[in-house]
Amino acid sequence: MQEGKRLVALVAGLVLVFSFILPAWARAGEEKRWTREHEVALEAGLPGAGQVPVQDQEREREREREQLKLQDGKSVAEHVYKGVENALMHVKNPVARAALTAILEGKSVAEAVYEARAQLSSWQDADEIASVTEQLESAVEADTTLDAGTRTQLKKHLGVMYLKAGKFKNARELLETVLEQEPGDEEAYRQLDQAYAASGDLQVKVFVKGKALQFDVPPRMENDRVLIPVRFLAENLGATVNYDNGEVIIKNQGSTIRLVIGSNKALVDGVTVDLDVPAQVVDGRTLVPLRFVSEKFKAKVDYFGGSNLVAVQPL
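Residue numbering for the sequence shown follows the numbering used here, beginning at 3 and increasing consecutively.
Please note that a few of the clues may not be correct.
In silico EDC-like pairs for lysine to aspartate or glutamate, Cα to Cα no more than 16 Å straight-line [as the list claims (entries may be wrong)]:
#  : residue 1 : residue 2
1  : Lys-298   : Asp-271
2  : Lys-171   : Glu-107
3  : Lys-213   : Asp-246
4  : Lys-253   : Glu-297
5  : Lys-213   : Glu-175
6  : Lys-302   : Glu-139
7  : Lys-211   : Glu-297
8  : Lys-166   : Asp-127
9  : Lys-211   : Glu-178
10 : Lys-211   : Glu-184
11 : Lys-211   : Glu-182
12 : Lys-84    : Glu-139
13 : Lys-109   : Glu-87
14 : Lys-166   : Glu-139
15 : Lys-253   : Glu-237
16 : Lys-166   : Glu-130
17 : Lys-253   : Asp-271
18 : Lys-298   : Asp-276
19 : Lys-300   : Asp-271
20 : Lys-84    : Glu-107
Rather than coming from a laboratory, the hints here were simulated on the basis of the structure.
No experiment lies behind these values; they were computed from the predicted model shown.
Hey, can you work out the whole structure from these sequences and the hints?
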């Protein structure tokens, strides 16, 4: 009886062993056969010579997938890491060092920016702030994992950091790109106003829907009112402008404004309205009161007095 059980166990063991060995022999034989056939085909110049068998193709694809997984550990380009490494040699602030180190370790670029921004109130080394901000900006631009909204918010934080570092031109450029994406962001306008004021640029600046208008005749202030070339304003609000016997006629969305050059009266849809300042002609261009026209066409107007910046946002 015992001998019968031992015999059954022996047979089962042999079956199990061969179940592992035979497939391996088969694969080895198949690879050897393919290799020999491949060599013969190459020598004979037969069609299909040089093609990789399905098994090898799959193994190659798997290796490529593994390489991509390794690359995905870091979300920004290699040149960014080199810049971060160089910056670390000159940065002493511990939070800033932690933020830059996080990028080197493949962690979230967003977290790195938030950490550095949180430290800004007690961070006094302007050169160090500028260096770190430049590296963080490069990382934000290169990070392929960020969605558009997050990227825009991070740029706003970096604009504040550039302000603290005294890099006003960098701050302006970054904040202007923010406003192109988020034209209704009042905080970004306030920061941009600070950047212009800090750099000494106090000329009247007008932004419509987040974009700065460029003028051949610059806007001007009169009695605390901004006057602006009418055509630039109207076209950016989607309105049309015509002239008739000394009148400026502006139409938009079924509403009509009639202004007479030099007159403190205007007609809005046939109703007479008083003006704080009249329309006037300067260097061949008709200037009209910006707030009056914009608000009559139901646009929101914000004035930031630090640098005389005006933001117009259609509602």
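Unmet hints by their number, sorted upward, for this structure: Numbers 2, 3, 6, in rising order.
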